[in-house]
Amino acid sequence: MTLYILCFILFLVGIYGLVISRNIIKMVISLTIVEISIFLMLIMIGYISGGIAPVVFDQQILDNQAVVDPLPQTMVLTAIVIALATNSMLLTMAIRLYKKYGTFDIHEISKLKG
Amino acid sequence: MKGMSVIVRKIAQLLSAMIFVFGMYIVTHGHILPGGGFSGGVLLASAFIVLSLAQGKDHIQLKRQKKITSLYESLSILLVLLLGISGLFAGSLFLFNNYLPKGQPGELLSAGNIPIYNILIGVKVAATLFAIFLALTTYKEEIS
Amino acid sequence: MEDKTLIFFIVLPFLAAFSLPLIGLVSEKAESYIVAIISLILMVLSVSSLFNLAESTVYVVGGWYPVEKIPIGIHLVSDGLSKLMLLIVNTLAFFCAVFAIDYIKKYTGQKYFYTLFCLQLAGLNGVVLAGDMFNLFVFMEVASKASYALVAFGVRRTEIEASFKYQVLGGLASLFMLFAITMLYWMTSTLNMADMSLVLSKGLVENGNALRFAQLFLIAGVGIKAAMIPFHAWLPDAHSSAPSPVSAMLSGVVIKVLGIYVLLRLFINVFEPDIFISNVFAVLGGISMTAGVFLAIGAWDLKRLLAYHSISQMGYVMMGIGIGMGILASAGPSATVALTFTAALFHMINHAVFKGLLFLSAGSIEHATGTVNLKGMGGLAKYMPLTMATSFVASMAIAGIPPFNGFFSKFAIIVAAIQGGYHFRAALGFIVGIITLASFLKFQRYAFFGKPQYDFSIKESPFFIKFSLVSLAVLCLAMSLLIFSSIREIVLDPAVNTLLETTGYAIKNLQP
Chain A
1 MTLYILCFIL FLVGIYGLVI SRNIIKMVIS LTIVEISIFL MLIMIGYISG GIAPVVFDQQ
61 ILDNQAVVDP LPQTMVLTAI VIALATNSML LTMAIRLYKK YGTFDIHEIS KLKG
Chain B
115 MKGMSVIVRK IAQLLSAMIF VFGMYIVTHG HILPGGGFSG GVLLASAFIV LSLAQGKDHI
175 QLKRQKKITS LYESLSILLV LLLGISGLFA GSLFLFNNYL PKGQPGELLS AGNIPIYNIL
235 IGVKVAATLF AIFLALTTYK EEIS
Chain C
259 MEDKTLIFFI VLPFLAAFSL PLIGLVSEKA ESYIVAIISL ILMVLSVSSL FNLAESTVYV
319 VGGWYPVEKI PIGIHLVSDG LSKLMLLIVN TLAFFCAVFA IDYIKKYTGQ KYFYTLFCLQ
379 LAGLNGVVLA GDMFNLFVFM EVASKASYAL VAFGVRRTEI EASFKYQVLG GLASLFMLFA
439 ITMLYWMTST LNMADMSLVL SKGLVENGNA LRFAQLFLIA GVGIKAAMIP FHAWLPDAHS
499 SAPSPVSAML SGVVIKVLGI YVLLRLFINV FEPDIFISNV FAVLGGISMT AGVFLAIGAW
559 DLKRLLAYHS ISQMGYVMMG IGIGMGILAS AGPSATVALT FTAALFHMIN HAVFKGLLFL
619 SAGSIEHATG TVNLKGMGGL AKYMPLTMAT SFVASMAIAG IPPFNGFFSK FAIIVAAIQG
679 GYHFRAALGF IVGIITLASF LKFQRYAFFG KPQYDFSIKE SPFFIKFSLV SLAVLCLAMS
739 LLIFSSIREI VLDPAVNTLL ETTGYAIKNL QP
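Just so you know, the protein sequences line up as chains A, B and C, in that order. Just so you know, my numbering puts 23 at position 23 of the first sequence, and the rest follows in order with no gaps. Every number in my numbering is 114 more than the matching position in the second sequence, counting from 1. Every number in my numbering is 258 more than the matching position in the third sequence, counting from 1.
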């Protein structure tokens, strides 16, 4: 149970970093920390102590051997692909913002007001 | 960006060949070992990226690479979707139907459609990641 | 019951999106027409699915039928609420695609627009049809990523800054939703929505506080996507900086599908409605309504004004849903609940049509004069009579003047609030309606009447832009016919019945 609470504390650390950062790249890294904490929590949910990896070739093993839940692992793989897309799009926007505004500072990049 | 020194270039050439073969191993054994399309695709892309980083922008025609990579990307994902739709015509009307013969579990040529999906997704992911790398490094200033 | 045509709503846009780069190598003009044709096919398909009288249809992807009543595959489910949302998504996508044939010509990089548009359409259709929680999340991400790229489409400074803000907040919202899905999987160990509602209703979940924790994260995530106050910070920048067909799609459909539809599906069909959550919705809706319209008073940029009014009208819908859920949870008269849900859903589809029409006419004005600042226009009435007429129809509809459709839906929400005993909320709705009228009279006066502030000649817009504007204006008038019960039974009543039977959703959708 304490492991899940530690994962949630990592989630909160990531959100704190996102709120407090002035630099665009630090915001992207904080978002990545939030994502990673959720992946950790998902994998830990599926774990059964004493279980083997869910690649099974003959049925007789399953009678006296526990198998780790494969569904959260699939969810984490898909979520990693989505996180890749998020990060690459954010970094492309960061490069373009730097070329147009000349700075990575969020307080300077505020041409839209109102 | 200029290339790196001679030692780094030679080691990169050797390494990228080994990374490429390892990536293909992970992609094609996706139904036996953990791995499969996405992780194998990332390894394949890293083979190309290591080579590009070591050689530098001056020696590689990156604009031509961009067009060819985009073509590979569009073609492979189109083939994945067409393979999924072909399940509609073979047998009852299900998308992503697994209709090729499934052999013995544990062999390389088994599990119906799944190795073909793995290979196509591996190509697609490798092309996408290399295209993202090219877009980030060959970006030219535009008039704002 | 099984239905094998549900898959086309998702496969057709994906097929178009992936083959458009290859077609674009051959001929550039064909791309725009193909997207319009595909969205026309989908619109016809969604209209014809309305007449399919079965209560709800299920499509099992890959043939993985449930084993011993436990669902193991991906199910696509279409019931009354999904059919209504499919209708509105595909119709607005068709009109925006036709509008974009002429409008996108002035942007460089046109060939990327159609792929992104098709991906966004595929993602939205997938969210509406998804039968399990993780597919809902994945399709929501597909639609969001396409929206982020479309907002930054014309790569000027303001657009990239707006898209960056949208991306950071939207990414955070998706992570909140993923966290909530993780906690729900932990508690119920299933991902299928029907199965999850069965497990939750049988009382197998021992810790009620964990469920409330997950629900609050869901409200935060969905609230950011639906732009409720206090999560609205991305909306004025994103909707005013995007190109006009993209703004129409974003404000007309995306904030409804990713926000209100997900909320309805999760909180009424999967969880049991309860009083605390319904009060949260009603209060958030009320605050969004008033704050949105007061923030719009000081806006001189036309698209920013329209974006603030989006927040306000979504507040109406949320308040209606909150009132309905409250009466449902406290076992009040079910006729009032039916009236409230009908009013909220009717206002949702009305808002899609008239807000789409408003953004498209702003696009037409921008195409002709090159500016969206209200102080830089004036006297457009004699050069662009068609745009003036259609935007007048849309302004009267959003302000709630009979006989346009906005009047009936706003009136029904206020009447339902009075019937439920919430007199303060009804008065608030009435006051906000009056201020909305004032705001749109300002738009009409500064844009179309008065002295011209520019000195070049203006022509009327090209054919496809006129076609979209006129069709949407006709639809605005035609949708007031929905108050007659014979037409309402086909369109709105199945959706309201799906909402009224709350967790009965599970029993019908686990059949095959």
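Hints may contain errors.
To be verified - Think about it this way: if two alpha-carbon atoms lie no more than 30 angstroms apart in a straight line, the pair counts; the simulated DSSO-like pairs of lysine-lysine are:
id	chain 1	residue 1	chain 2	residue 2
1	A	Lys99	B	Lys124
2	C	Lys363	B	Lys177
3	B	Lys180	C	Lys287
4	B	Lys216	B	Lys171
5	C	Lys364	A	Lys111
6	C	Lys363	A	Lys99
7	C	Lys287	B	Lys177
8	C	Lys724	C	Lys640
The set of hints was computed from the structure by calculation and includes no laboratory data. Keep in mind that this is a model prediction, so the values were computed, not measured.
Verification of the hints:
1. A:Lys99 <-> B:Lys124: Between Lys99 of chain A and Lys124 of chain B the Cα gap is close to 34 angstroms, so the pair fails against 30 angstroms, i.e. violated.
2. C:Lys363 <-> B:Lys177: holds, 25 angstroms
3. B:Lys180 <-> C:Lys287: holds, 23 angstroms
4. B:Lys216 <-> B:Lys171: violated, 46 angstroms
5. C:Lys364 <-> A:Lys111: At roughly 23 angstroms apart (the allowed maximum being 30 angstroms), Lys111 of chain A and Lys364 of chain C satisfy the hint.
6. C:Lys363 <-> A:Lys99: holds, 25 angstroms
7. C:Lys287 <-> B:Lys177: holds, 24 angstroms
8. C:Lys724 <-> C:Lys640: holds, 16 angstroms
When each numbered hint is compared with the structure, violations occur for hints 1 and 4.
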